[in-house]
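Our numbering puts the first residue of the sequence shown at 309, with every later residue one more than the last.
FYI, nobody ran anything at the bench for these hints, they're computed from the structure. Among these hints, one or two may not hold up.
To be verified - Quick list of simulated restraints, FRET-style, between CB atoms:
{"#": "1", "residue 1": "V324", "residue 2": "N536", "range": "27 to 37 Å"}
{"#": "2", "residue 1": "G393", "residue 2": "V498", "range": "32 to 42 Å"}
{"#": "3", "residue 1": "A348", "residue 2": "Q316", "range": "22 to 32 Å"}
{"#": "4", "residue 1": "F334", "residue 2": "R376", "range": "18 to 28 Å"}
{"#": "5", "residue 1": "V498", "residue 2": "L317", "range": "39 to 49 Å"}
{"#": "6", "residue 1": "Y528", "residue 2": "A323", "range": "38 to 48 Å"}
Keep in mind the model is a prediction, meaning the values are calculated, not measured. Quick reminder that beta carbons are idealized off the backbone N, C-alpha and C, glycines included.
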Amino acid sequence: MYVWVNDQLIRRDKAVVDMEDRGYQFGDGVYEVVRMYNGAFFMLPEHLERLQNSLKEIGISYDVKEQRVAEKLKEIMKKNDVTDGAVYMQITRGAAPRNHSFPDQPNPVFTAYPIPVKRPVEAQENGVQMTLVEDMRWLRCDIKSLNLLWNAMAKQKAKEKGCFESLFYRNENHITEGSSSNFFGVKNGVIYTHPANPYILNGITRRAVLNICQENQFPYEEKVLTLNDVKQLDEAFITSTTAEVMPITAIDDITVGNGEPGPVTRKLQKLFFERT
Numbered sequence: 309m310y311v312w313v314n315d316q317l318i319r320r321d322k323a324v325v326d327m328e329d330r331g332y333q334f335g336d337g338v339y340e341v342v343r344m345y346n347g348a349f350f351m352l353p354e355h356l357e358r359l360q361n362s363l364k365e366i367g368i369s370y371d372v373k374e375q376r377v378a379e380k381l382k383e384i385m386k387k388n389d390v391t392d393g394a395v396y397m398q399i400t401r402g403a404a405p406r407n408h409s410f411p412d413q414p415n416p417v418f419t420a421y422p423i424p425v426k427r428p429v430e431a432q433e434n435g436v437q438m439t440l441v442e443d444m445r446w447l448r449c450d451i452k453s454l455n456l457l458w459n460a461m462a463k464q465k466a467k468e469k470g471c472f473e474s475l476f477y478r479n480e481n482h483i484t485e486g487s488s489s490n491f492f493g494v495k496n497g498v499i500y501t502h503p504a505n506p507y508i509l510n511g512i513t514r515r516a517v518l519n520i521c522q523e524n525q526f527p528y529e530e531k532v533l534t535l536n537d538v539k540q541l542d543e544a545f546i547t548s549t550t551a552e553v554m555p556i557t558a559i560d561d562i563t564v565g566n567g568e569p570g571p572v573t574r575k576l577q578k579l580f581f582e583r584t
């Protein structure tokens, strides 16, 4: 496998990152994962725009266009002969003597490599389960930072319960999102999802689904759902770059609807698959 380290496209076994890189020591960096279908990236401009915004929000001076990131991503997929999969990329503040405050002259480090991703057909067909986990992340979840410890812990809790994903809540009156996904509920034909604010990451697949809703006149509303709302949903699904549109059949002991993927979710799945 070939990977990018700054401007070097090298074999993975030759790739080296400084042990004092702030991404390793502080999680001081941001990342993106972009899906590729049939040799073409899906919504790459939106991913790069979000990456640039994340860089701006944490104060890393790195121009995505100037550094040819789009071209680098296309080149690495071609070099690795990948036409269906995904690419992971991250930018850290770079290496510096360990100090919590930012270095005076940071030297950002860009790395990227392809990751194998296949459409989870069986799970998408049958639906999956979630488990409720208290949302104890920091309050800037809109920044796609490397600080994913609580997300990872929540994902592990889901795994231990035999669930596909965790559903975060800040209290009974505030359902936010999944540990690596955005959450949607359907009630009486109306689609609900959390507003795009600092409590959630404004997912690219989330945006694609909302665009599909607009184009096809599906009624939707961005609002905060409560735990009581979740108990009364007719349907639920999550979205992410790798899960795409994934039906939810149960959340702990809460059966969603009749326990099977619903008609609205099925229509959105179909329209999303057509788009990709």
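Outcome for the supplied range 18 to 28 Å, where the beta carbon pair is F334 and R376: Holds, since F334 and R376 (Cβ atoms, about 27 Å apart) stay within the stated range.
Consistency of beta-carbon spacing, V498 to G393, with hint 32 to 42 Å: 35 Å, holds
27 to 37 Å as the expected CB spacing between N536 and V324, which holds or is violated: 52 Å, violated
Distance restraint evaluation - A348, Q316, Cβ atoms, bounds 22 to 32 Å: 25 Å, holds
Hint check for L317 and V498 - Cβ pair distance inside 39 to 49 Å: Check passed, 48 Å falls within 39 to 49 Å.
Y528 versus A323 beta-carbon gap, inside 38 to 48 Å or not: This hint holds: roughly 43 Å between Cβ atoms.
Comparing the model with each numbered hint stated earlier shows that hint 1 is the single one that does not hold.
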